[in-house]
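Enquirer: So you can see what is in the structure, the chains are spelled out below.
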Amino acid sequence: MSRRSTPRTPAKSRPEPPASAGSQAKDKAAKRTTAAGPRAKDGGPVRTTGPPKPRQSATAAAPAVRPPARSTVAARRAARGRTSGQRRQHEPGALDRLRRVPTAAWVCAVVAFLNAACWSVISPPFQVLDEPSHFAYVQHLAETGSLPTESGLVFPPAEETALEDLRYPAVREHPAVPTISSYAAQHRLEHDLALPNSRTGNGNAGVATSEPPLYYALETIPYGLESGGTVLDRLALMRLLSAVMGGFTALFAFLFLREALPGARWAWTVGGLGVALAPLFGEMSGAVNPDAMLFAVSAALFFCLARGFRRGITPRLAAATGAVLAVGVSTKLNFVGLVPGAVLGVLALCANEWRSSRRRAYRCLALALGIGASPIALYGIVNVFSGHPVGGAFAALVGFSREGGSLPGEIAYIWQFYLPRLPGMKSYFHDFPTTRVYWFDGFVGRYGWLDTTFPNWVYTAALIPAGLIAVLFARALFVYRGALHNRLSEILVYCAISLGVLLIVGADDYLHKIPGEYAEPRYLLPMLALWGAVLTLAARGAGRRWGPVAGVAIVSLVLAHDIFSQLLVISRYYR
Amino acid sequence: MRIKAALAGGLGLIAVAVAVTLAHAPTTTVLSRSTSGAKTLASTTSDAGGCQSGEVLPRDTSAIRLGLFAVTSPAVTVRVLQGSHRITGGTLGVDWSGEGPTVPVARLPRTVSPVEVCFTLKSVASVVELLGRKTPAAEAAIGEGMPLPGRIGIEYLRSGHRSWWSVAVSVARHLGFGHAASGAWDALLVIALAATFITLSSWLVVRELR
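Residue numbers (our numbering), protein chains in the order written: chain A, 15 to 589; chain B, 192 to 401.
Calculated directly from the structure, the hints in this document are not laboratory data. Note that CB positions come from ideal geometry on N, CA and C, so glycine has one too. Take these hints with a grain of salt, some might be off.
[To be verified] Below, in silico cross-link-like pairs of lysine-lysine (DSBU-like), each with a Cα-Cα straight-line distance of 35 Å or less:
(1) B:K313 x A:K527
(2) B:K325 x B:K195
(3) A:K440 x B:K195
(4) A:K440 x A:K527
[Unchecked claim] Distance windows between CB atoms, simulated:
(5) B:R250 x A:R559: 30 to 38 Å
(6) A:R559 x B:G374: 49 to 57 Å
(7) B:G374 x A:P183: 24 to 32 Å
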């Protein structure tokens, strides 16, 4: 078995707290399981070489994080000393790797898929943010084989007919107006959809025009499968593909939690389900929107980095990280926000590797960055030969200045976009409570075209559970502060990624000069894996005895949030 | 056992909350004025207010929806005046978005006419549009001491007589409209999907957190 199957840090690096009687019994069972060989069923860190190591009990509150241990370097060197033939012989295949994924991770993925599928049925066609534009992009790509060129909002006749018959303009942003609700309107819709309306227009894809094509190219598959169906048939199948991507998001978020917070495996389920059942995530993953794929790729990026920090980087992992970066920048422009932090992470991982093998470190660095940068390099080359600016849409995205603006002004603006204004800052939002309204209330629930909201008291009441989760999370940080200190570089990388996401959204809002235009919480969902970590740590913050009960309470809370959000959307559109 | 009990408690609470919520009646529009074919009359980027006379306040009105549109929404306060006497009113915080903020107001057991509806917008951070119907200046709403180009759309709402439970079949039928596969099966599919992910989540919690 290669070294990659062994957790990087030995148990001795973290003090084991005394276990309760119940957990001691579980420990014995765990010892038996571990001694018997790999635990394919739960897929936890499997140890196949060396002496069996007692598995931590389910309720034991081990440190939240494990420091990178120098002691593992020797083991890694020993592993490296094996011949390549030996390595190949013991290298687990793809199926083996899949079998090692815990059952709980798969279940979280299925729950996320079902939740997103449910949202895809509930959300009326085109009544999720920017869906008409994203559908138009796919339609144009599938029908003509070329990318859309115009950002107009007049779509091909087939789509326009559907929009008109669904009363799209009347319903959008008009919370008092439900979707069609009569047999006459339904018959008219069915009749018009059956007409042989053209599916090609003048290349308009609205706000989606400047986006990279990967997500849309994948969506042409379900579009093509339903090519004989109506616009709504195709849209339904395309939404399902997004829901599948939602499943992958939950899967990678769970795997990230397993790598980043290995101390208590029961708590991974809390974070995994917390992600899978998040209503905003469900809504976006149940719609035709590249955000669905962006969330999955972002979660995969967090997983790759966490795995590297825990087990050390390998050429295979470096290539995987590079591939994730390449897929990310080919999915949605917003992914650019994650790139600086991800590059920092790769550099940190390679710096760790550099201590034991410079050659290997350089190889990993070249693999990760080379593969990751390849789509942007290709895009630049195409732009050069087609006479466009080299940076194209990416350059516009990272252009951090606007006419009449200044860097300090922009920093002050982005600060106030998320947080209360500090003394001395120019007021850009006229003391509008951005933190509360844009972000907190936004996460509590603003669905559809941000026009579907709970009654006001719900947002106030939501402060209570949110506050409790924050307290539990803070307690976990305090209890495990030593372990966190040892993993400072890893935490800094996650913070850098988050900062990049926040900056790119805030800068976009600044550039567009309409305050709040980009204040959509979905833009922060690439950090879903970290949200899962917050929930996981919050559960563990309740302590060994009450942690699992707190975990159940958190899952119940998220489930309730999801159910009531779906009921809210149903009541808004179908009353 | 503790986990199962906690989960049962959580799911039980959710079920009770859903049942109680659905026992309430949805609000319905009693009277709409100047909302048909509404156009943008004016817009503001700073705190503002206005009044519109010649309105009718139906009995049991529990909320007033104003013809306003905003992405970054301001706080809205509504006062209903009879002469100079305030007969009802209410405030909506900044937690709304899009068109038609619905401001809850205290109910009156009788219809009152004519009344003047006044509103103020606070914490305006972005553009707020006033929507309504263009009219001669004599009939128009007054904003900041000046007549607006028309009357602002106003809707008066009150709780309906039928609970969400009693309109469930109608809602389920509407859910089947405008989708790929129209019909009652859409509602059944939603129920089946929700039941499956709730069951799976519960099973996983019991399995992993025990």
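Enquirer: Now tell me, hint by hint, if it's right for this structure.
Expert: Here is how each hint holds up against the structure:
1. B:K313 x A:K527: 20 Å, holds
2. B:K325 x B:K195: Distance ~62 Å between K325 of chain B and K195 of chain B Cα, so the pair is violated.
3. A:K440 x B:K195: It is violated: about 53 Å lies between the C-alpha atoms, which goes past 35 Å.
4. A:K440 x A:K527: 15 Å, holds
5. B:R250 x A:R559: 30 to 38 Å: Given range 30 to 38 Å: violated, Cβ gap about 56 Å.
6. A:R559 x B:G374: 49 to 57 Å: 51 Å Cβ-Cβ, so the 49 to 57 Å window holds.
7. B:G374 x A:P183: 24 to 32 Å: Since G374 of chain B and P183 of chain A have Cβ atoms about 26 Å apart, the given range 24 to 32 Å holds.
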